[in-house]
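Below are the chains, spelled out letter by letter.
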Amino acid sequence: GQQVMQIPQYQHVQEGEDFTTYCNSSTTLSNIQWYKQRPGGHPVFLIQLVKSGEVKKQKRLTFQFGEAKKNSSLHITATQTTDVGTYFCAGGDNYQLIWGAGTKLIIKP
Amino acid sequence: DAGVIQSPRHEVTEMGQEVTLRCKPISGHNSLFWYRQTMMRGLELLIYFNNNVPIDDSGMPEDRFSAKMPNASFSTLKIQPSEPRDSAVYFCASSLNGNIQYFGAGTRLSVL
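These protein sequences, in sequence, are chains V and C. Taking our numbering as reference, the numbering of the first sequence is continuous, increasing by one, and the terminal residue is 718. Taking our numbering as reference, the numbering of the second sequence is continuous, increasing by one, and the terminal residue is 317.
It cannot be assumed that every hint is accurate.
[As the list claims (entries may be wrong)] Cβ-Cβ distance ranges computed for the label pairs, FRET-style:
hint, chain 1, residue 1, chain 2, residue 2, range
1, V, T671, C, P266, 29 to 39 angstroms
2, C, M244, V, D702, 18 to 28 angstroms
3, V, D702, C, Q222, 34 to 44 angstroms
4, C, L317, V, G662, 43 to 53 angstroms
[Stated by the list, open to error] DSSO-like, lysine-lysine: derived pairs with alpha carbons at most 30 angstroms apart:
hint, chain 1, residue 1, chain 2, residue 2
5, C, K273, C, K283
6, V, K665, V, K713
7, C, K273, V, K645
8, V, K679, V, K660
9, C, K229, V, K645
10, C, K229, C, K273
11, V, K645, V, K660
12, V, K660, V, K713
13, V, K645, C, K283
None of these hints come from the bench; they were simulated from the model. Nothing here was measured: the structure is a model prediction, and the numbers come from that model. Don't be surprised by glycine CBs; every beta carbon is placed ideally from N, CA and C.
For reference, chain C alone in the conformation it holds in the complex (with noise of 0.2 angstroms):
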């Protein structure tokens, strides 16, 4: 198995723009978490899917942010417009159930 898939490895881009963030969760995998990763605030989840159905997006930061599950092979983390403070590694992780979550190596993604 290829594991958690995700895309863009890296991202740089300008304040304002529109970023996507692309992850392939592990087939077989029912569940689906969205991780965001700094220096200041460790590891926070963002939003998880259960079955492609959003369980709980309270972690999201604010309307900027986005998250979509239209299968069970493919989520994607949106955000518009970004800002530098959105600066950080973005991590996805599947689990079956809810159990152990194997995560993917993440995107870095820097907004000057």
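Isolated chain V, as found in the complex (with noise of 0.2 angstroms):
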């Protein structure tokens, strides 16, 4: 069946590092979403990508889509303690979203 694949599952990086979380799908997706859960919450959209070689950029956050809309990835510029959490992307699927299993994003005290 439809997967998609997310990487890596968990990241540590001091504050003020880069952060990048990729996904990967197996058929062509028409149209890509980013959630971020943060520690006890419930996962909460960020953003939705349908263009091919579509770019977002949310304050320190960017977000693509890639030209054969199979592929995406989320990246955070000097990561601060409130992004902490775990990032999904899912990918549209008529009614329903195909997850991928989130990568959590992990500052070092």
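Given two chains presented individually in distinct reference frames, assemble the corresponding complex, making use of the accompanying hints.
Here's what the structure looks like:
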């Protein structure tokens, strides 16, 4: 069946370092969405990408959708403690989303 | 808008008991999703409804799990009988036509 692979599973960074998570789909996606889940919280929608090659920015976050609409990435510049949490990508497929396993961002003390 | 409302927020029960989780989606949304999240298995889709009709229940673990959506503003997920391995956080989410999903705060279930 359709799958979305997300790597890495965890990423430990020093505050101020950059963070990147990658998603790859086995099939072409109609869109890709990104969600953030804070520790103890619930997934919260961040952004949706629809067009091939699309790049969107939200302050220090940069989201990309690949030309073939099969891969996507989220890059955070100069991480802050407020960025801590798990970032999920989710590929649009008709009425449901195919979820990646998430990348947990951990800030080293 | 109040967002997606789930109840209860926490549930502790004993093995063998029936558990009912409740969800009120965002008004106007026509798709509803039930998820289970554990450390081991991550976020799993259990079932989703479109216009109150179950579309895909392939993620429902077994016959002990059942879900209903009697109307557009209410859904339940029932586990009968519950087992310790059912312990997890259960999320309900709603969307308009399967697009952006809005999650409730979740129900943390502990089965002893």
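Handout entry: Restraint check for K679 of chain V with K660 of chain V, where alpha carbons must lie at most 30 angstroms apart
Key = holds (11 angstroms)
Problem - K645 of chain V paired with K283 of chain C [C-alpha distance capped at 30 angstroms] - result: It holds: about 28 angstroms lies between the C-alpha atoms, which stays within 30 angstroms.
Problem - Distance restraint between K229 of chain C and K273 of chain C, which requires alpha-carbon spacing of 30 angstroms or less - result: Holds, because 12 angstroms separates the two Cα atoms, which is no more than 30 angstroms.
Handout entry: K273 of chain C paired with K283 of chain C [C-alpha distance capped at 30 angstroms]
Key = Holds - the C-alpha atoms of K283 of chain C and K273 of chain C are around 9 angstroms apart, at most 30 angstroms.
Handout entry: Restraint check for K665 of chain V with K713 of chain V, where alpha carbons must lie at most 30 angstroms apart
Key = At roughly 21 angstroms apart (the allowed maximum being 30 angstroms), K713 of chain V and K665 of chain V satisfy the hint.
Exercise for the section: Note whether the CB distance of M244 of chain C and D702 of chain V lies within 18 to 28 angstroms or breaks it. Expected result: Roughly 26 angstroms apart at Cβ, these two residues keep to the hinted range, so it holds.
Practice task
Could you say whether the range 29 to 39 angstroms given as a hint is met by the Cβ separation of T671 of chain V and P266 of chain C?
Solution key: Holds, since T671 of chain V and P266 of chain C (Cβ atoms, about 38 angstroms apart) stay within the stated range.
Handout entry: Restraint check for K660 of chain V with K713 of chain V, where alpha carbons must lie at most 30 angstroms apart
Key = holds (26 angstroms)
Practice task
Go ahead and decide if the range 43 to 53 angstroms is satisfied by the Cβ distance of L317 of chain C to G662 of chain V.
Solution key: Since L317 of chain C and G662 of chain V have Cβ atoms about 52 angstroms apart, the given range 43 to 53 angstroms holds.
Handout entry: Proposed proximity, K645 of chain V with K273 of chain C (alpha carbon, max 30 angstroms)
Key = holds (28 angstroms)
Problem - Cβ separation of D702 of chain V and Q222 of chain C, checked against the hinted range 34 to 44 angstroms - result: holds (36 angstroms)
Exercise for the section: Take the C-alpha atoms of K645 of chain V and K660 of chain V, compute the straight-line distance between them, and say whether it is at most 30 angstroms. Expected result: Holds: K645 of chain V and K660 of chain V sit about 21 angstroms apart, inside 30 angstroms.
Checked against the numbered hints given earlier, the structure satisfies every one of them.
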